[in-house]
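Chains as they are written, first to last, in the numbering used here: chain A, 5 to 202; chain B, 5 to 202.
Think of the hints as simulated: they come from the structure by calculation, not from any bench.
Hints are supplied without guarantee of correctness; some may be wrong.
Note that the list lumps identical chains together, so a pair holds whenever it fits in one copy or between two copies.
Straight line, CA to CA, 27 Å or less: simulated DSSO-like cross-link-like pairs of lysine-lysine [as the list claims (entries may be wrong)]:
#1 K98 with K20
#2 K49 with K135
#3 K104 with K58
#4 K135 with K20
#5 K33 with K198
#6 K133 with K27
2 protein chains.
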Amino acid sequence: MPIAVISLKNIMNAIKIDTKTGKLENYTKRIVRKLSDMKEFYFNKSVVDEILSKNDPVIYEVYAFETGDSVGNLSFATTILYPGKIGNEFFMTKGHFHEKRDRAEIYLGLSGSGLMLIMDDRGNAYHVKIKPHSVIYVPPNHAHRAVNTGKEKLIFLAIYPSDAGHDYGTILEKGFSKLVIEENNSVRIIDNPKFKNQ
Amino acid sequence: MPIAVISLKNIMNAIKIDTKTGKLENYTKRIVRKLSDMKEFYFNKSVVDEILSKNDPVIYEVYAFETGDSVGNLSFATTILYPGKIGNEFFMTKGHFHEKRDRAEIYLGLSGSGLMLIMDDRGNAYHVKIKPHSVIYVPPNHAHRAVNTGKEKLIFLAIYPSDAGHDYGTILEKGFSKLVIEENNSVRIIDNPKFKNQ
Numbered sequence: 005m006p007i008a009v010i011s012l013k014n015i016m017n018a019i020k021i022d023t024k025t026g027k028l029e030n031y032t033k034r035i036v037r038k039l040s041d042m043k044e045f046y047f048n049k050s051v052v053d054e055i056l057s058k059n060d061p062v063i064y065e066v067y068a069f070e071t072g073d074s075v076g077n078l079s080f081a082t083t084i085l086y087p088g089k090i091g092n093e094f095f096m097t098k099g100h101f102h103e104k105r106d107r108a109e110i111y112l113g114l115s116g117s118g119l120m121l122i123m124d125d126r127g128n129a130y131h132v133k134i135k136p137h138s139v140i141y142v143p144p145n146h147a148h149r150a151v152n153t154g155k156e157k158l159i160f161l162a163i164y165p166s167d168a169g170h171d172y173g174t175i176l177e178k179g180f181s182k183l184v185i186e187e188n189n190s191v192r193i194i195d196n197p198k199f200k201n202q
Numbered sequence: 005m006p007i008a009v010i011s012l013k014n015i016m017n018a019i020k021i022d023t024k025t026g027k028l029e030n031y032t033k034r035i036v037r038k039l040s041d042m043k044e045f046y047f048n049k050s051v052v053d054e055i056l057s058k059n060d061p062v063i064y065e066v067y068a069f070e071t072g073d074s075v076g077n078l079s080f081a082t083t084i085l086y087p088g089k090i091g092n093e094f095f096m097t098k099g100h101f102h103e104k105r106d107r108a109e110i111y112l113g114l115s116g117s118g119l120m121l122i123m124d125d126r127g128n129a130y131h132v133k134i135k136p137h138s139v140i141y142v143p144p145n146h147a148h149r150a151v152n153t154g155k156e157k158l159i160f161l162a163i164y165p166s167d168a169g170h171d172y173g174t175i176l177e178k179g180f181s182k183l184v185i186e187e188n189n190s191v192r193i194i195d196n197p198k199f200k201n202q
């Protein structure tokens, strides 16, 4: 993980969150995830290919304020997860374990509604609702993925140890044990038949 | 630092913040700081004694959700800092270094307005405004104290490494290098003549 350079100005001013857009002032890193960046993460490959043959929607954006990666240092980021579905599967983040598995993470809902899937390394999973002014504690050794089950943008703040690191590869390889889908206009959380529990 | 016991129920539900009262649902620890608990922290001892001869106002309250104190784990807390002054000095928190000096902390303003004094171990200090939807990064090795300079309750969320620990003793002994006072209806940040820089 590169050591981010943060200026004194960045530290000496509060870093404002625009709760309408989710944008962080003075961010050090911005990520835009389009469908093409995460096509392996969705269940229905043929729907993914069909959508990508026409356009490449932005699924989510991240504005991060990352500090030096010493033990005990903290970084934070806002995520804007757009509403939508790939087939019947709701827009979601890639999801990740931390490279340092025992690093926890704290989330705070800012706008919109959705849920956080939280899974241990054997695939045992549960979910927590994301809504404004609610805090979600992701314990050490758990992967986590946000899912936008609403009609609006889902915006949340994440705070994480600066040395945590993001391991997306394990999720890419094994998948998440649960899928979050829409069925008969309801949100359903079902077992992922493609999940590789090994 | 004791290892907090958190129930599965606490983890599997989002922990709601009541932004009017600042109260956290499912907190594991509550602290109420009255003036008598922190009388040594204010500059004007005779004003403190005069107030305490009549009553003992609550200066601030904390609702904390503390998790096990392993390296990389995270805890969080809301603070409700009441408006008021002791003489011309605004209501404030005790302020603390972390016992593990290199642990950082992240604050998010929720309601009201004030400022965070941030000071290194030689007394070099700066301040950052606290306001709703603004994030404050407290770097490793810095003490920090919140001050309510407004007329309303100042409510904020803090996220900190669970193994950080609170060192109030150093502040009790040396003081903060700056005082935040009201003068001619303005907020002023002045040098603390009693600060012990050693």
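We went through each hint and held it up to the structure:
| no. | hint | in the structure |
| --- | --- | --- |
| 1 | K98 with K20 | both (26 Å within a copy, 25 Å between copies) |
| 2 | K49 with K135 | neither (30 Å within a copy, 45 Å between copies) |
| 3 | K104 with K58 | neither (39 Å within a copy, 54 Å between copies) |
| 4 | K135 with K20 | both (20 Å within a copy, 9 Å between copies) |
| 5 | K33 with K198 | neither (33 Å within a copy, 42 Å between copies) |
| 6 | K133 with K27 | both (22 Å within a copy, 19 Å between copies) |
This entry does not satisfy hints 2, 3, 5, going by the numbered hints stated previously.
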